[in-house]
Structure formats: structure tokens, C-alpha cells
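In order, the protein sequences belong to chains A and B. Residue 1 is where the first sequence starts when you use this note's numbering, and the numbers rise one by one after that. Residue 1 is where the second sequence starts when you use this note's numbering, and the numbers rise one by one after that.
Hints should not be assumed to be uniformly reliable.
A pair counts as met if it fits within one copy or between any two copies, since identical chains are not told apart.
Unchecked claim - Derived lysine to any residue pairs resembling SDA-like cross-links, with alpha carbons at most 25 Å apart:
| hint | residue 1 | residue 2 |
| --- | --- | --- |
| 1 | K68 | K130 |
| 2 | K130 | G152 |
| 3 | K275 | G174 |
| 4 | K111 | G152 |
Everything labelled a hint here was simulated from the structure, so no lab data went into it. Quantities reported herein were computed from a predicted structural model and do not represent experimental measurements.
Number of protein chains: 2
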Amino acid sequence: MEEVVAGIDIGGTNTTVGLVSKSGRVLAKDGLKTRHYPEIGDFVSAVTQLVNQQVENLRHDLPELKLKGVGIGAPNANPHHGTIENAPNLSWHGIVPLARLVHEQVHVPCKLTNDAKAAALGEHQFGAAKGMKDFLVITLGTGLGSGIVANGSLIYGHDGFAGELGHVIVVPDGRLCGCGRHGCLETYVSATGLVRTYRELNPQASEDADARAIAELAQTGDAIAIESYRRTGEMLGFSLANSVAYTSPEAIFLFGGLIRAGELLFKPTRESFEKNLLNNYKGHIHIHPSALHESDAAVLGAASIIWNE
Amino acid sequence: MEEVVAGIDIGGTNTTVGLVSKSGRVLAKDGLKTRHYPEIGDFVSAVTQLVNQQVENLRHDLPELKLKGVGIGAPNANPHHGTIENAPNLSWHGIVPLARLVHEQVHVPCKLTNDAKAAALGEHQFGAAKGMKDFLVITLGTGLGSGIVANGSLIYGHDGFAGELGHVIVVPDGRLCGCGRHGCLETYVSATGLVRTYRELNPQASEDADARAIAELAQTGDAIAIESYRRTGEMLGFSLANSVAYTSPEAIFLFGGLIRAGELLFKPTRESFEKNLLNNYKGHIHIHPSALHESDAAVLGAASIIWNE
């Protein structure tokens, strides 16, 4: 009998629902608009109907197919309680017991974690971190997220909110962060951080200069765009060198929209990383792009919450 | 049949050898001068003879007593290989296979880790962290060491050198550190860091002003001594707030000579910690002194490497 896991990735704009085999094949994938469901009950109905439909479709060919569980990646997820807690970018306010609500519809184990931790589990189960016991995954999107694996298992922390590397203060009294404090890493190293750097260097920049546009400018030789990526990588490399002192990982994987810029980001990151590393770590720890295909990664990561158990 | 574990704590100056019961009672304790044994073979003979003697003595009352293993806390210890590697403060140079050498004399399991990791294991097994799954121990002596427990187990890292929080860079281009880099936490937060701060504030200070003397001055109301401790605590609190973002611990324990200063250090540390903490951690994480009696702590920590298994 064949088993599949449903992976659900919830973002502020889009939600993706897919079925994933044990070997990491995505056997089905559909999307819906998160904002079309301001009521959580309607959202749960919609995603569980999608999962059931996907399983039914696969059963035409595999009549014995069994749904083993549902893994969900979501912002502000508390993995200990299976809840989404006070997520500023979602319509559902307060504490939402999402794992329980989905479980009541599908009657299989349902687990929840945040998107960066799901990315780390996905890299461990299906990507370049297979077999590794100690590594970091850094997600570089609108913000900066992280998943830390040590002694072979993901660190959740006492309250489920370990791995908030985006909120390590790297510049005391630095840039104002969405969290209300100043100088957090993600105000410098993220798509929005990059744009802030670019605008500081070029106050006349067009309103719609985003990370992708700045990468395109850099490719054409634009000095300010190149310098913006260089500063972003410099700060990232410095922070990763400090991070190594905590868990001494074998490797670090970067993931998310910002890494599409390739060497523009990786080169200054690696240089600053090696420069700032404590001697006994130097030369041993490599920084790689994630090995997961970007369009499948979120669903693979969410499904691996169940497959990783 | 009763079992005991030998705990050996190796410092640059003194080595302590003791026997520890499963409940954490120190049943025997002796010391020797590390520097009296420039040859590692002589040192191993001396400490294993001490262990055998202690076991023999106890057997007068408990003839069935069995030595379960030997745990060793030492600087620059590599727990994966049971070696001491290039320790600048010991006479034995290069890579010393200490666990193997001791094992060849005592014929029981022998394990090695650094003193800060041993302190964390000791706090877990016998101290205030009993039953906790996620906590930090920070040792404040000549330098700053740390042991990180997450998911219920000590983090060793890929190469065995996790938990080097003393070498997180907190002030780019800051004070020169023994590691050759600038601005490491332990150049500000440690007994030597405190003295550097005091001397910066008071260049006329006497040559023999050490951490204890500065604490005594502070108790008499000396403004510069008080300010030195305040700055030390401020930097420690800031760094601990950043550390929380990695592993989200339930509590943080401070250990070592510097904490004898009590509230002189703890008050500014706690204030700076709360001020710099990310909102969702605020008010939940307490900073405590270690619950282990200082004179027994090193032997308890070393023994807990075996008892913790």
C-alpha cells in the first residue's frame, strides 16, 4: 500500500496544497488565494476539499493509496500547539488552532510549523542536507527566516519559536524593524532590506525598484545596485559567521527569492563569512543554495514535517 | 551494587579528581597541580592512580562499589574524538588522545568535553536545569564559555565545537581578542573583559585590580567599579537577548567566578536582556545563577558527561 503526505504552504497571498511521496515526488499541486477566505472555517473546508480531491484523483491509478498525514507551513506557527498566533499578514486574528481544525476534517495526523522550519525539514528530507546532523537553512524573502538542525533534529525551542535569526540585532540603534526594535538582521538582509540599502545609496531611485529589478540593474553593471548586493552579502556573511559559534553546523543553505541573484549575493556573503569566522571553523563550512526546486520547495517542506518524524 | 563515576576537571593550573554518585553526591575529591606533569603520560598515571585510590577507599564501606566511567572536562576538548586539541593554556601540545589514554589505565568508558559543556550537563543532571529541555549555561571566568541544551540534549555541533558564544563578535572592530579577531563577546564579558573596562575608565588603576577587587570597590560605592560591572552586564544582557533568537531557551544560568558579584552583575544584565528581547520572548525567560556549589561544580559537571548518557 502506497502512502502520501499532504503539504500545505500558507502565505499571506497564496496557499499551495500538494501531495508528496516518501521519496519527495510532488504527485499533485493546486493553489488558492488565501485572502478569498477571511473566515478560517471556509479556508479549512477549501484546503481539505482540495486534499481529498487530489487523493481521490490519484486513487484512479493507485486504489490502495493512503493519506498518512498533513503538514502545514504557515507564518507565526506554533509547532508545539499546532496554532497560528497573531499573524500580522493573515486575516485570521488571535490564536487559530489550525492543526486541530484540519484534523477534524481529514482524520489523519496534522502538524504545523513556520515556513523557515519547514524549509529546513524539506532540505533534510529531500534536499542537499540529506544525512546531515548539523546545518542551518536561511530563507531570504520579504523577511529573513531560519531553521536550525542540531544533533539531527530541528530546534523548536521551549515555546516553539527558536530560529528567529532575522531578529538578531546586528546594528545597535540601526534600522527600525517591523518588530518595533532597531537593527534586526532582516532590516538589512532580506528583499526589503536590500531595497532599503539601495534607496539609501540612491535616494532618487524609482518607487518600484524591488530586489529583482536591482539584480537586473546589477547585471548591466549599475554600481549602486552591485554595491547594494555587496553590502547585503557582507552583513549576511558576518551574521552567519556569528551563527556558527552557536551550533557549529556542517553547512549553511540559503533559500528564497533573494538567492536568484546568484553570485551577486553569494560572493560577498562567502567572503565576509570566511573573514569573520573563528579560526577553527575557517575553510570547513560551506554556504550553498538550497537544492530544492523553488516552485515545489514549500510543499515539500510542509510535507516533510510528517515524513521527517 | 552501587555505581560511581569519576569526574576529572582539568584547568591550566589545577586539576580536580572526584567520585560522584548518581544522585550527585561528591563522595571523594582530591586535587593536583596540572603544571607538575609536563609529560602527558605522567599526568594520566597520576590522575588514574588518584581515581583507583578513591575507589579503593570507598570499597572499605561498599565492597561491591563499581566505577561506571570517567568524565573529563578540559579546555579545547573535542568530544567527538576524546582529544584535547592545541590548548594554549596546557603544557601538552598538539592533539592529545586523553580519553583513550585514561581508558587504557582504568578499562571503563571515558568521555571528554570542554568545561562549559560539562557545566551545562552538570546543571541538567544535578542542578537547577533538571527536567528542562531547552536552556543555556554561560560560564564567566577568565573567558566566556557556553553550553547549549536544545530538544533535551547538549549541542556539540558537527566538529564538536558548538557553543563558542565567547567568540560571537559583538563590536565590529572592537577589542582585540586572544583568537586574533576583534570585538568578541569575551573581550567585554569575562573577568578579563571587566578589568579591561575598568582600566579604560580608570587608566590610573592599580596593576593588581582584578574582578574580585573591582567588586569590593563597587561594594564601597566606587562609581567607576560600579559602572564597569554595569557595562559588563549591559553587554551580557544584549548578547543573551540575541542568543534567545537561536534556541529559544526556557532559562539561562550563569556560572563562574564573575557571578560572585551578585546583583552588581545580575541587575544590569537582566535589565539589558529584557530591553533587547524580541517581544514574544519578553517576560518569559529568567536568568539565574547556577544552582551547583562552586567548589563541587566542576567535578559534578565532568561526571555528568557519563551520568547524562
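**Prompt:** Of the hints given before, which are not true for this structure?
**Reply:** Of the numbered hints, all hold.
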